[in-house]
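**Student:** Okay, here's what each chain looks like letter by letter:
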Amino acid sequence: MTGEPATDCARRPFSDEAVIAVLAGEIGVAPEEIQRDKAFGKDLGLDSLDFIKLVMAVEQALETRIDDKEAAKVRTVEDLLSLARRACALAGSP
Amino acid sequence: MRRLLKRLLDRASRLLDSKPMGNEALIERLRSRGVRIGEGCVIHTESFSTEPYLISLGDRVAIAGGTKFVTHDGSVWLMRRERPAVQTFGTITVGSDTFIGENCIILANTSIGAHCIVGAGSVLRGQIADNSLVVGNPAAVVGRASLVVELLKESKDTMDSLTLGYEERRDRLLRHFGLPR
Chain A
1 MTGEPATDCA
11 RRPFSDEAVI
21 AVLAGEIGVA
31 PEEIQRDKAF
41 GKDLGLDSLD
51 FIKLVMAVEQ
61 ALETRIDDKE
71 AAKVRTVEDL
81 LSLARRACAL
91 AGSP
Chain B
1 MRRLLKRLLD
11 RASRLLDSKP
21 MGNEALIERL
31 RSRGVRIGEG
41 CVIHTESFST
51 EPYLISLGDR
61 VAIAGGTKFV
71 THDGSVWLMR
81 RERPAVQTFG
91 TITVGSDTFI
101 GENCIILANT
111 SIGAHCIVGA
121 GSVLRGQIAD
131 NSLVVGNPAA
141 VVGRASLVVE
151 LLKESKDTMD
161 SLTLGYEERR
171 DRLLRHFGLP
181 R
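Listed in order, the protein sequences are those of chains A and B. 53 is the number that the numbering used here gives to position 53 of the first sequence; each next residue is one higher, with no gaps. 151 is the number that the numbering used here gives to position 151 of the second sequence; each next residue is one higher, with no gaps.
Think of the hints as simulated: they come from the structure by calculation, not from any bench. Owing to the predicted nature of the structure, the values given are computational and were not obtained by experimental measurement. A hint or two may mislead.
Okay, derived cross-link-like pairs now, DSSO-like style, lysine-lysine, Cα gap no bigger than 27 angstroms in a straight line [as the list claims (entries may be wrong)]:
hint: 1; chain 1: A; residue 1: K42; chain 2: B; residue 2: K156
hint: 2; chain 1: B; residue 1: K68; chain 2: A; residue 2: K38
hint: 3; chain 1: B; residue 1: K153; chain 2: A; residue 2: K73
hint: 4; chain 1: A; residue 1: K69; chain 2: B; residue 2: K153
hint: 5; chain 1: B; residue 1: K156; chain 2: A; residue 2: K73
hint: 6; chain 1: A; residue 1: K53; chain 2: B; residue 2: K6
hint: 7; chain 1: B; residue 1: K156; chain 2: A; residue 2: K69
hint: 8; chain 1: A; residue 1: K53; chain 2: A; residue 2: K73
hint: 9; chain 1: A; residue 1: K38; chain 2: A; residue 2: K69
hint: 10; chain 1: B; residue 1: K153; chain 2: A; residue 2: K38
hint: 11; chain 1: B; residue 1: K156; chain 2: A; residue 2: K53
hint: 12; chain 1: A; residue 1: K42; chain 2: B; residue 2: K153
hint: 13; chain 1: A; residue 1: K42; chain 2: A; residue 2: K69
hint: 14; chain 1: A; residue 1: K42; chain 2: A; residue 2: K53
hint: 15; chain 1: A; residue 1: K73; chain 2: A; residue 2: K38
hint: 16; chain 1: A; residue 1: K53; chain 2: A; residue 2: K38
Just a few of them, taken from the derived set where beta-carbon distance is under 7 angstroms, the chain A residues facing chain B [unchecked claim]:
hint: 17; residue: I52
hint: 18; residue: K53
hint: 19; residue: M56
hint: 20; residue: A57
hint: 21; residue: D68
hint: 22; residue: K69
hint: 23; residue: A71
hint: 24; residue: T76
Chain B side only, calculated, beta carbon under 10 angstroms to chain A, not exhaustive [stated by the list, open to error]:
hint: 25; residue: I37
hint: 26; residue: G40
hint: 27; residue: V42
hint: 28; residue: V135
hint: 29; residue: S146
hint: 30; residue: L152
All C-beta atoms, glycine included, are put in the ideal place defined by N, C-alpha and C.
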């Protein structure tokens, strides 16, 4: 068992759809039902453990590492997309 | 009269024995039983198995109430007819700065890394890497403990209240959660 994911986002190009697909899978809805302005806690009913599992699933799907401090500030779907995009850009930069 | 006095003394002795023990006294007692315990630990359980000398805790480990350590495996019962004296054992180690929640069971042959969080009610066996968040039965790593810490820092329900007295903390919590006094 390990708590450390790989950090190699460069092998998989980032797409919003990939993150939304992970989120849809985690909360059990169709991807097209996910709205970017929705808050994870208030609107989607995720508690902190659900959110942690979601971040891990996104990291695994994108093969990247999301910064813990930044992740803790995420409130909405758009926040997560933006953070995942930045994480991939950082991982892909030389 | 002498018999009555003896009964009273026995009863007083039992009451004293059942009194909850302070953290330092408990740690000293566990060390005297053979548990290896680092500095700055907070322990709310006395259930350190029948082989406590097989258990090692790092520094600043916190263990909540109801948690049990089990350093043997009773499954050998199924071998007893052919080997009447058979037993099997395993060590348990817990890394520094790890928190183990309420009512966990830590089984033999388990090594929990440093900076880990073990969720309440988890049943653990095996190797847990540093900085893991572990939950469930059977326990699984579901995330990083460092992410939990950052989420706790952001939570409006996290406050510096440990040094407050009972009443001051109660008043603050009732106010915080909008509950009547």
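**Student:** All hints, please: hold or fail.
**Tutor:** Against the structure, the hints:
no.	hint	verdict
1	K42(A) / K156(B)	holds, 14 angstroms
2	K68(B) / K38(A)	violated, 42 angstroms
3	K153(B) / K73(A)	holds, 10 angstroms
4	K69(A) / K153(B)	holds, 9 angstroms
5	K156(B) / K73(A)	holds, 12 angstroms
6	K53(A) / K6(B)	violated, 60 angstroms
7	K156(B) / K69(A)	holds, 16 angstroms
8	K53(A) / K73(A)	holds, 16 angstroms
9	K38(A) / K69(A)	holds, 21 angstroms
10	K153(B) / K38(A)	holds, 22 angstroms
11	K156(B) / K53(A)	holds, 21 angstroms
12	K42(A) / K153(B)	holds, 19 angstroms
13	K42(A) / K69(A)	holds, 20 angstroms
14	K42(A) / K53(A)	holds, 17 angstroms
15	K73(A) / K38(A)	holds, 15 angstroms
16	K53(A) / K38(A)	holds, 18 angstroms
17	I52	holds, 4 angstroms
18	K53	holds, 5 angstroms
19	M56	holds, 5 angstroms
20	A57	violated, 10 angstroms
21	D68	holds, 4 angstroms
22	K69	holds, 5 angstroms
23	A71	holds, 6 angstroms
24	T76	violated, 14 angstroms
25	I37	violated, 24 angstroms
26	G40	violated, 23 angstroms
27	V42	violated, 23 angstroms
28	V135	holds, 7 angstroms
29	S146	holds, 5 angstroms
30	L152	holds, 8 angstroms
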